Amino acid sequence: ETGVTQTPRHLVMGMTNKKSLKCEQHLGHNAMYWYKQSAKKPLELMFVYNFKEQTENNSVPSRFSPECPNSSHLFLHLHTLQPEDSALYLCASSQERASGLDEQFFGPGTRLTVL
Amino acid sequence: AQSVTQLGSHVSVSEGALVLLRCNYSSSVPPYLFWYVQYPNQGLQLLLKYTSAATLVKGINGFEAEFKKSETSFHLTKPSAHMSDAAEYFCAVSRTGNQFYFGTGTSLTVIP
Numbered sequence: 001e002t003g004v005t006q007t008p009r010h011l012v013m014g015m016t017n018k019k020s021l022k023c024e025q026h027l028g029h030n031a032m033y034w035y036k037q038s039a040k041k042p043l044e045l046m047f048v049y050n051f052k053e054q055t056e057n058n059s060v061p062s063r064f065s066p067e068c069p070n071s072s073h074l075f076l077h078l079h080t081l082q083p084e085d086s087a088l089y090l091c092a093s094s095q096e097r098a099s100g101l102d103e104q105f106f107g108p109g110t111r112l113t114v115l
Numbered sequence: 001a002q003s004v005t006q007l008g009s010h011v012s013v014s015e016g017a018l019v020l021l022r023c024n025y026s027s028s029v030p031p032y033l034f035w036y037v038q039y040p041n042q043g044l045q046l047l048l049k050y051t052s053a054a055t056l057v058k059g060i061n062g063f064e065a066e067f068k069k070s071e072t073s074f075h076l077t078k079p080s081a082h083m084s085d086a087a088e089y090f091c092a093v094s095r096t097g098n099q100f101y102f103g104t105g106t107s108l109t110v111i112p
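Protein chains in written order, with this note's numbering: chain A, 1 to 115; chain B, 1 to 112.
Bound-form chain B, shown alone (with noise of 0.2 Å):
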């Protein structure tokens, strides 16, 4: 079975300050890690994806995320958050034949 847990619906951070949004899977196999945004009245945008090649993810906008087998995690970060950032962001895993199985999202605020 797989799963994925996003720790903090709700996460704000100042303008300028490092964005942290947590995802941990559970998998019985190495999966298929994703990350999504979502902003207002839009449908979800992909930012990464880890497909078991290197484990430091390089996505759009300045985003990255790591890969640690270790701890089943897939963090999202940023150095430095910007206005347009606010949005809601979902952490998905999957495998080869399966569905995506989705988070159920933390919703970001970047304070000016």
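For reference, chain A alone in the conformation it holds in the complex (with noise of 0.2 Å):
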């Protein structure tokens, strides 16, 4: 494997399940992060990893916990999902997190319907 990968590619869910979504980086980085994807929207952040420890939170619902148990890895655990949290969660790493000029590579992204 190489880059970024993430599975699953698609997850339909209910309301009540609990799943969670898998990132992987083969790229040696150290940071590493979550993005949601929704039509006609910005990319939003929502969780940023350095070095393992997480350093931003930008006001996402606790229904949504990331853990990141080392470098190379990073999970999304979702928890009683609402409709509106479909989208496209995107994973991205890059060198570090300081140099705001290191390009993030991406996942393909896991398409989250959630009924």
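In case anyone wonders, no lab produced these hints; they're calculated from the structure. Take these hints with a grain of salt, some might be off.
Below, a sample of chain B positions facing chain A; criterion: calculated Cβ distance under 10 Å [claimed, not checked]:
| no. | residue |
| --- | --- |
| 1 | Ser-3 |
| 2 | Ser-9 |
| 3 | Gln-38 |
| 4 | Asn-41 |
| 5 | Gln-42 |
| 6 | Gly-43 |
| 7 | Leu-44 |
| 8 | Gln-45 |
| 9 | Lys-49 |
| 10 | Phe-90 |
| 11 | Thr-104 |
| 12 | Thr-106 |
With a straight-line cut-off of 27 Å between C-alpha atoms, the simulated DSSO-like cross-links for lysine-lysine are [what the hints assert, rightly or not]:
| no. | chain 1 | residue 1 | chain 2 | residue 2 |
| --- | --- | --- | --- | --- |
| 13 | B | Lys-69 | A | Lys-36 |
| 14 | B | Lys-68 | A | Lys-41 |
| 15 | B | Lys-69 | B | Lys-58 |
For clarity, every value in this text was computed on a predicted model and none was experimentally measured. The C-beta atom is built at its ideal place from N, Cα and C for all residues, glycine as well.
Fit chain to chain and form the complex, with the hints in mind.
Next up, the structure:
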């Protein structure tokens, strides 16, 4: 595997389900990100991890719970979601968080549908 | 505060015609600027970036962008559109120590 991978690619869940999204980067980066991409809206940064420590949580509802066990893996745990949470969830990584000029490498995303 | 505005959510061009996708930014200090492309069912891929070196930046697939401080713009161009250029294009701005701010995206359609 190369780059940033995400599983599953598609997920349909009910509002009472618990599921997790997984992201893995094979680039040796130290920063990882979760974004939400909804139609007609800018990408919304949800969480940032730098050297496994969460450095940003952009007012994300608690029904989204991130986990970063090491610099290569990032999870997004989902619980009691709402239909408006349906979106494409993108994971990204970069060398480090502090340098704004480091490009971010994106995974293909997980298309989430909440029924 | 920083933000980025992409004028035109949809742009259509004929194959072989000039591609021009507009991006304007607001930033209190010189920013770093990026263009990303997203093909259907894929994540974002970096096309090019401006990091205060040459104002004309060349990227992949024949794209380039020019940083114009006086106009606070970073428009993306390609002299001749190809069918494979059909995708969603995102402009983004950042600064050292700060997060990326993405635009709302421009969907490019290439007409045969």
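| request: Hold the hint about Ser-3 of chain B up to the distance rule: shortest CB distance to chain A must be less than 10 Å. | output: holds, 9 Å
| said: Take the shortest C-beta to C-beta distance between Gln-42 of chain B and chain A; is it under 10 Å? | reply: This hint holds: Gln-42 of chain B lies near chain A, its Cβ roughly 5 Å from the closest one there, short of 10 Å.
| Given Gly-43 of chain B as an interface hint, is the shortest Cβ-Cβ distance to chain A below 10 Å? | It holds, given that the least Cβ distance between Gly-43 of chain B and chain A is near 3 Å, below 10 Å.
| Is the hinted pair Lys-69 of chain B and Lys-58 of chain B satisfied, with a Cα-Cα distance of at most 27 Å? | Within the cut-off at roughly 17 Å; holds.
| When you check the alpha-carbon spacing of Lys-68 of chain B and Lys-41 of chain A, does it fall within 27 Å? | holds, 26 Å
| field | chain A contact restraint on Phe-90 of chain B - CB to CB distance below 10 Å | value | Holds, about 7 Å.
| Restraint satisfaction for Lys-49 of chain B [CB to CB of chain A, less than 10 Å] | holds, 6 Å
| task | Mind checking the CB of Thr-106 of chain B against every CB in chain A and telling me if the closest is under 10 Å? | result | Hint on Thr-106 of chain B: violated, closest Cβ of chain A at ~12 Å, above 10 Å.
| task | Under 10 Å, Cβ to Cβ, is where Asn-41 of chain B needs to be relative to chain A, so tell me if that hint holds or is violated. | result | holds, 7 Å
| query | Close enough to count: is the Cβ of Leu-44 of chain B nearer than 10 Å to one in chain A? | reply | holds, 4 Å
| Would the hint on Thr-104 of chain B stand, with a C-beta cut-off of 10 Å toward chain A? | The hint holds - Thr-104 of chain B has a Cβ within 10 Å of chain A, the shortest such distance being about 5 Å.
| Interface hint compliance - Ser-9 of chain B to chain A, C-beta minimum distance less than 10 Å | For Ser-9 of chain B, the interface hint holds, since the closest Cβ of chain A sits about 8 Å away, which is under 10 Å.
Of the numbered hints listed earlier, those contradicted by the structure are 12 and 13.
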